[in-house]
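Colleague: Sequence:
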Amino acid sequence: MYILWRMIYNVYIYMVNIVNAIAKFIINKKITILIVIFIVSFWIPIENHSQDSLIITTKPRALELNINGPIVDEDPYDIRIYQQKVYPSFNMNSMYTIANIINKAKSDSTISCILMNLHNFTGADQTCLEYVGKYLKDFSSCKPIYVYSCNYDQERYYLASYATQINLERFSEIDLHGLTESHIYFNRLLRIFRLVPYIFRVGIYKSATEPFTRDNMSKEDKIASLSVIQQRWNRFIETIANNRHTSVQDIFPTNIRNKLNELKMLGDSSQYALNHHMVDNICSEYEFKENLKSIVGMDESNQHLNIINMFDYITPENVSVEDNNTNIDIISINFLINRGAKLDNICHKMNELISKKNIKVVILCMNSPGGDFFSSLKIRELVILLKKSGKKIVVSMGNAATSGAYLIASAADYIIANPISMTGSIGAFNIINNFSKILNFLGIHRDGVSISPLHSIAPEEPLTPEQKEMLEIILENNYKHFVQMIAESRNKTFDQINNIAQGRIWTGKDAMDNGLIDSLGDLDDAIAKAIELGNITDSHVAWCVNYNTSNIFQPRRVVYDNSGESNDFARSLLDTFKSISNSLNLVSNSD
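For the record, in the sequence shown the residue sitting at position 576 is 576 according to our numbering, with numbers rising by one throughout.
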């Protein structure tokens, strides 16, 4: 009995202690109680309206694809770092980021359609347009795309052609004018001012020096250039016609006179576009937005269309960058290959990759017109070292991978190019600045003595015959090395490569026929090939981002005219007068 009463007493004491503890807590912790009450007061309505909240957050929205600035074939991480650290208002869009957004939206049940806003889109090269277009086409196979603009230039209309519905402002036009390849020629100007440089070249199609030596385009350059732009334009306009389910003649008639007569008779370019199946609807921007209300609805405030901006939908932080799980690394080579910060950073990263066991394949994403022979050779040697370390190398060519860029690409295990990529241009040239004639005209002369006629070259005096011969020999030897290295890499003879070299630019399709590349495709195909070559079952693909961002970013000139030209001759002219030893001076580079 004692034990029973003892147990009852202990339970009683235990209960009293609990009550005392609660009382002390209530007295001393008033603030805590208030917080609890505050939380509970909000918990109740959340519980009561949980179903409504779920409906609001998952209601399908339209994705606004508002592209500000150009679309470029650039590492998306590089662009983000540039915007964060260098130039916050910098507008440039990686085609890979846009493709990723479209691809994600396709399988996202909360996205009902895409609204393309191309008002501030400033252009892209053709391979970028095709890459983004591929993802737009895939999206449109299951969800609609709507686009509106007051005017469409060629690049805007190319992207718009993938839309389910194209809307055009009244009295506006669609400007399709084809492609043009032209240069400015300075020969006469240079002679007037007695500023004629010494020019050496190997390859009858190596036309980069012609603006300094001619007043018009050579026959060889016309043949090569016409072939390139004809192939590029045929692919461009045929894609648009296929997207619009009509004929090329309907979109871009060869009989220009009939088009002009019809435009004159109609008195309205927008009506002409509608008659020829180029657009689906003519309306004002207000009418377009009113029509969208019935398509996408309004947001929860009932004041705005139910849309989400692409920059809110997916952030740049989603870009996959290299980590310890990465087994396929992408290196972007999209600059003029000269000595400098960008070259140093690329070489530094490639050196690092040699010792990384987790990296099985390196993809070189190339969009470069080439550049310095010896700088290109430096990267090529690192490609060979990467291969010796057991890694496979796959090249994905963008808009261009010519001259020195192709020299690098030729060392890869596998080369993929777009059918209209520009590649080849296997040749060599050298420009030696000389101001002796203008200086002599102004009464300035240079004179002295030297041990050898092969003395150092000075821009204030003419070259000696021996110097000219030496430069020609060096250039000829470099060209032979250039051709021989490519021949060995591509399992061809010297003569086979020499016959298709001579400085001529080929499209990716022609390069395929000539054995300069292995297949046609884009970066997606390069990744698939990398997985195959590396025998990779669980792929982790990432962009190489180990760059020195303090000096890698430099002002750049981007060409969006879709003309197939990769050389800026005006810039070359300025470089000609800048110094005797520039990136094109093989003699200076060999010292």
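Don't take each hint at face value.
Said to hold, decoys possible - Okay, the calculated beta carbon distance ranges per label pair:
#, residue 1, residue 2, range
1, Asn255, Ile308, 43 to 51 Å
2, Lys259, Ser389, 54 to 62 Å
3, Tyr286, Asn261, 30 to 38 Å
4, Ser182, Asp250, 22 to 30 Å
As the list claims (entries may be wrong) - Only pairs whose alpha carbons sit at most 30 Å apart, straight line, appear in this in silico DSBU-like list of lysine-lysine:
#, residue 1, residue 2
5, Lys219, Lys468
6, Lys480, Lys259
7, Lys222, Lys480
8, Lys480, Lys509
9, Lys437, Lys387
10, Lys104, Lys143
11, Lys388, Lys468
Think of the hints as simulated: they come from the structure by calculation, not from any bench. Computed from a prediction, not measured in an experiment: that's the story for all the values here. Even for Gly, the Cβ is constructed at its ideal location relative to N, Cα and C.
Colleague: Each of the hints needs a verdict: does it hold here or not?
Modeller: Hint by hint, here is what the structure shows:
Checked against the given bound of 43 to 51 Å, the beta carbons of Asn255 and Ile308, roughly 45 Å apart, stay inside it. Separation of Lys259 from Ser389 is about 59 Å and conforms to the stated range, judged on CB atoms against 54 to 62 Å. Here the CB-CB span from Tyr286 to Asn261 is close to 33 Å, well matched to the stated 30 to 38 Å. About 28 Å separates the C-beta atoms of Ser182 and Asp250, a value consistent with the hinted range of 22 to 30 Å.
With a C-alpha separation of about 27 Å, the suggested pair Lys219 and Lys468 falls inside the 30 Å cut-off, and the hint holds. Restraint check for Lys480 and Lys259: not satisfied, since their Cα atoms lie roughly 51 Å apart, outside the 30 Å limit. Among the hinted pairs, Lys222 with Lys480 is consistent with the structure: their alpha-carbon atoms are about 25 Å apart, no more than 30 Å. Straight-line distance between C-alpha atoms of Lys480 and Lys509 comes to about 25 Å, which keeps the hinted pair within the 30 Å bound.
Distance restraint check for Lys437 and Lys387: the Cα-Cα separation of roughly 51 Å exceeds the 30 Å cut-off, and the hinted pair is therefore not satisfied. Between Lys104 and Lys143, the direct Cα distance comes to roughly 13 Å. Compliance with the 30 Å bound is thereby established for this hinted pair. With a C-alpha separation of about 40 Å, the suggested pairing of Lys388 with Lys468 is violated against the 30 Å cut-off.
Consistency with the previously given hints fails for numbers 6, 9, 11, ordered from lowest to highest.
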